[in-house]
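Taken in order, these protein sequences are the chains called A and B.
In terms of the numbering used here, the first sequence has 6 at position 6, counting the first letter as 1, and numbering is strictly consecutive.
In terms of the numbering used here, the second sequence has 513 at position 513, counting the first letter as 1, and numbering is strictly consecutive.
Just so you know, these hints were derived from the structure itself, not from any lab.
In this text, a Cβ means the ideal position worked out from N, Cα and C, and glycines have one as well.
Some clues are possibly wrong.
Unchecked claim - BS3-like mimics (lysine-lysine), calculated; alpha carbons at most 27 angstroms apart, straight line:
{"id": "1", "chain 1": "B", "residue 1": "K414", "chain 2": "B", "residue 2": "K504"}
{"id": "2", "chain 1": "B", "residue 1": "K794", "chain 2": "B", "residue 2": "K807"}
{"id": "3", "chain 1": "B", "residue 1": "K65", "chain 2": "A", "residue 2": "K56"}
{"id": "4", "chain 1": "A", "residue 1": "K62", "chain 2": "B", "residue 2": "K65"}
{"id": "5", "chain 1": "A", "residue 1": "K67", "chain 2": "B", "residue 2": "K16"}
{"id": "6", "chain 1": "B", "residue 1": "K408", "chain 2": "B", "residue 2": "K501"}
{"id": "7", "chain 1": "A", "residue 1": "K56", "chain 2": "B", "residue 2": "K19"}
{"id": "8", "chain 1": "B", "residue 1": "K45", "chain 2": "A", "residue 2": "K67"}
{"id": "9", "chain 1": "B", "residue 1": "K19", "chain 2": "A", "residue 2": "K55"}
{"id": "10", "chain 1": "B", "residue 1": "K581", "chain 2": "B", "residue 2": "K569"}
{"id": "11", "chain 1": "B", "residue 1": "K19", "chain 2": "A", "residue 2": "K62"}
Unchecked claim - Using C-beta positions, here's what the derived DEER-type ranges look like:
{"id": "12", "chain 1": "B", "residue 1": "W451", "chain 2": "A", "residue 2": "A68", "range": "28 to 34 angstroms"}
{"id": "13", "chain 1": "A", "residue 1": "I99", "chain 2": "B", "residue 2": "P743", "range": "54 to 60 angstroms"}
{"id": "14", "chain 1": "B", "residue 1": "T184", "chain 2": "A", "residue 2": "N91", "range": "51 to 57 angstroms"}
{"id": "15", "chain 1": "A", "residue 1": "E60", "chain 2": "B", "residue 2": "P743", "range": "47 to 53 angstroms"}
{"id": "16", "chain 1": "A", "residue 1": "N40", "chain 2": "B", "residue 2": "V481", "range": "41 to 47 angstroms"}
{"id": "17", "chain 1": "B", "residue 1": "W451", "chain 2": "A", "residue 2": "G57", "range": "38 to 44 angstroms"}
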Amino acid sequence: MKFTQLGEFEELVLLTIGALQDNAYGVSIKNEIEVKTERNVSIGALHSALNRLEKKGFVESKIGGAKAERGGRRKRFYHITPSGEKALLKNYRLRSDLIRMIPNISIDRLAH
Amino acid sequence: MKEVQPSRFAVWLLRKFCKEEHIEIFLGDLEEIFLQRVQTEGLRKARWKHLLGVISLFRPFAIKKVRLPFFLNQSVMLSTHIKIAFRSLKKNTFYSSINIFGLTLGLAACFLVLAFTQFESSFDQNHPEVERLFRVNQTNIWAPEGGSMSSTPPPLAAAILKDYPEVEDVTRVNTPGPKLVRHTTDYGKLLSFNEEDVLAADSNFFEFFAFPLIEGDPQTALVGPNKVVLSEETARKYFGYQDALGKVLELGEDRIPVEVSGVTASQAENAHFDFDFLLSMPSNPNVERMDWSWIWTQMVTYARLKSADSEEELENKFTALAGQYVVPSLSRLGMSFDDFIKSKGGWNFYLQNVQDIHLYSQESGNRIGQVGNIAIVRLLRVVALFILLIAILNFVNLSTARASTRAKEIGVKKALGALRQSLIQQFLVESITLTAIATVMAMGLVPVLGWIIHYFTAIEIPFEHYLRADLLFWLVAIPIVVGILAGFYPAIYLSAFKPIKVLKGQLSGGMKKSNLRNLLVTAQFTISIALMAGTVLIYQQLKYVENKNLGFDYENVMVVNNAEKLGSKLESFRNEVQQAKGVKQAALAMDMPGRGTWEDFYTREGTNTRLSISQNKIDEFYFQTMDFSLVAGRAFETGRGEDHDGLIINETTARLFQWTNEEAIGQRILYPGYSGELRVIGVVQDYHLQSLRQEIMPMMFFHEDADIWGDQRVVAVKYEAQQEEQLLSQLEQSWDRMTDDVPFDYSFYTEEIAQLYAEERSLSGLFSIFTGFSLFVAIIGLIGLLAFSTEQRKKEIGIRKVLGASKLQIFSLLNKQYIGLFILALLLAIPLSWQQMQEWLNSFAYRVDVSIFVYLFAGAIVILLSIISVSYLSLRIASTNPAEVLKDE
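Using the sequences plus the hints, can you model the full thing?
Now the structure itself:
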């Protein structure tokens, strides 16, 4: 299998899906990202990313959960696949390795 | 109440482009976000962002695959033709884009009008057996000059059902008026709303009209008193997502408990009425109290006939109703039938098919909803076709003018054995290809134009009805029909060239047939000038109407509605408002001029002149607040007890009672059952209650303490300009302190007055937009023609310059040829449109006149705009260095 790259936004979406566990669908993912990053996410960009993630095999989805506040329409729920987890961990290791190489850096500084 | 829903257009758009498997998920996500945003950002913003969301979903992965129509790859020849068509398009980008752009606008205008027309004529198609379903109208007994109205009295329905076997069944709808509704939720929160859209109906209502219920049984929902069927939105408003059935709402000041017996599914927009509250008929006790009266016209009566064919026959039989029922009913009121109908020409009843109500009720109106206007639908159709015609003429003009550029190609083809037929085919394929591109672009443009029209005129063009039939069908049919219309003459013209001549170069360019072209240009500008004159006239009339002195001062007047809910605290509320900062004067009245009126019959003492006079009840401060002008006598004054039985009449009433304004003072007017002696104390200058389409009606003011029906329902507040916001919050505070959870409802009176002319304003906006289109299309065509003819005359102009012609001379040389055509167009436009404009104006009681000035002004605008648009081109040619164009010879 060819090496599949994980884009910055895709990674964010993938992480959020993981964090939301059983409740990861379009709106909840969008809201979560917007709260956490304080930036606006267009629904088109999100679905486009979800579609790419699914094609790359990082997430799988199933349909369910009709709700009146959606006009009785169902949702598409996403969950991470093992290869998705692997991609996340790989990115995580790469970053933490590199961060450790930067001298005098600490997460505490973010507090201010 | 406005419906809390995303814009239909956005939903429609998504469904059109999106792959089937994504639609549900996307719509669901979007709607969920939309509902969140409605809470935080308001409906407008939420709708807008919802649309942006849809647009953000235009992504390759989500878009449907487009399939090409089958015939495009059938014929080898066809594919060659198309190839050549595209090459010639590309080679002449400038001229092709003029053609495509013109056709795009013309087609877009046609699509818009088609969508609008389809929607307007789709009303009330869905009711069961609708072709046998009729509304019963009657003579308008309340207007001095008669006419017809859709309001009828309670006993009519039973009478026609009993007397005429042709009638299968009848039902009635009544208008109890707005109601204050309260409900305490499960969490103990008190909800209260003033519900405007309240109707009452007989128990068999649902057998007549298609309002499917999602909760409740249509058979029994309206049986017995104190039952109500809610619209879905209303049910949600009070009960959220719980079942509404069986729940109880408290209605009106007396908090009468009403049981929810049904909830309708989302109601169709194309029905002549809708409702939020539909009460069972016995819930409005007035109906039973008045069921003997033939002048209590507060009902709408519907009849289902056994056969639609018996309509005319039955109408003739209805003439017997007046003698049989109305006469006895009137004598019970002490009135004489003959006096009553003297000026109205009879008391008749008519049938109107329910499907015709929306478009054909200009006179009779619609007691329970809005009506459309067939005249506007027709006008728009004509205007849209004109725009398309202008675009088609552009195509004809440009193709024949530029024939010389194709001459060699045609000559070679013919010399190689091409048949004329095949050449015609080729040119038609070219025009069809061009139109096809324009069609696709027009489809994209329609929503944009629809949005512009909505923005400027508030006319909403419903897109779910837009080209309902198969999109693919239209995409194929329109290019073929319009393409052949536009391409036919050029194809014949071009394919007729003699090969030997054109190959020898004897065809001296396309300017030969310039007479025809001049004719077509004249036709285009005749249309443009006529439309422009229409726009100018509508605008003039609108200005006239707006500036006409209404007879009182309505600027800076705020109205607090539902004042009767204050009960005994009404007077102290007024006093408190009077003291508030920024208030010049506050007054109480039954209603504001221009809102619906209440009429009854009054007699001049000593005569039997009986008049239907609309009435209002006011306090001593009202005249000062609204700044009415008195022409005789005085207004009500504080502390004069005799004023309680005083009347202030308008000039029209005085005239109809045959008094001069001065004579009227001190006269008695009789009203059966009134305890005291009513005397005229003042005459107020006539003012316009209704829009200027209508004559001024007789009206009068009672004192608020007069012994006559009606509460004081409004507080009129005259305030100092710029104080609105601060004042509103003060008023609301006082209101909330003095009432028991009644919502504070106010309006600015200027806006209400503007509403009277809303139709003229919409029409003026719509007409301006379409006129703009037509002019734009005509002008780009002109630019194309001029560009081509100057290109041809480059050398001639070069030589003229060498011989000493000035820039100005060249400039006028180029423009001169069109000025004559413009003037001809102006002269033609006058007789062609004068009649129509006069007819439109005749629908106003107060109007401007059509004058030659309108045409001169319109003509001047069109000519100026055209010259300015082509002047860049003319100036560029006029200032070319002659050496540039002459050097190659």
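Worksheet entry | Indices of hints not satisfied (ascending) | Those not satisfied: there are none.
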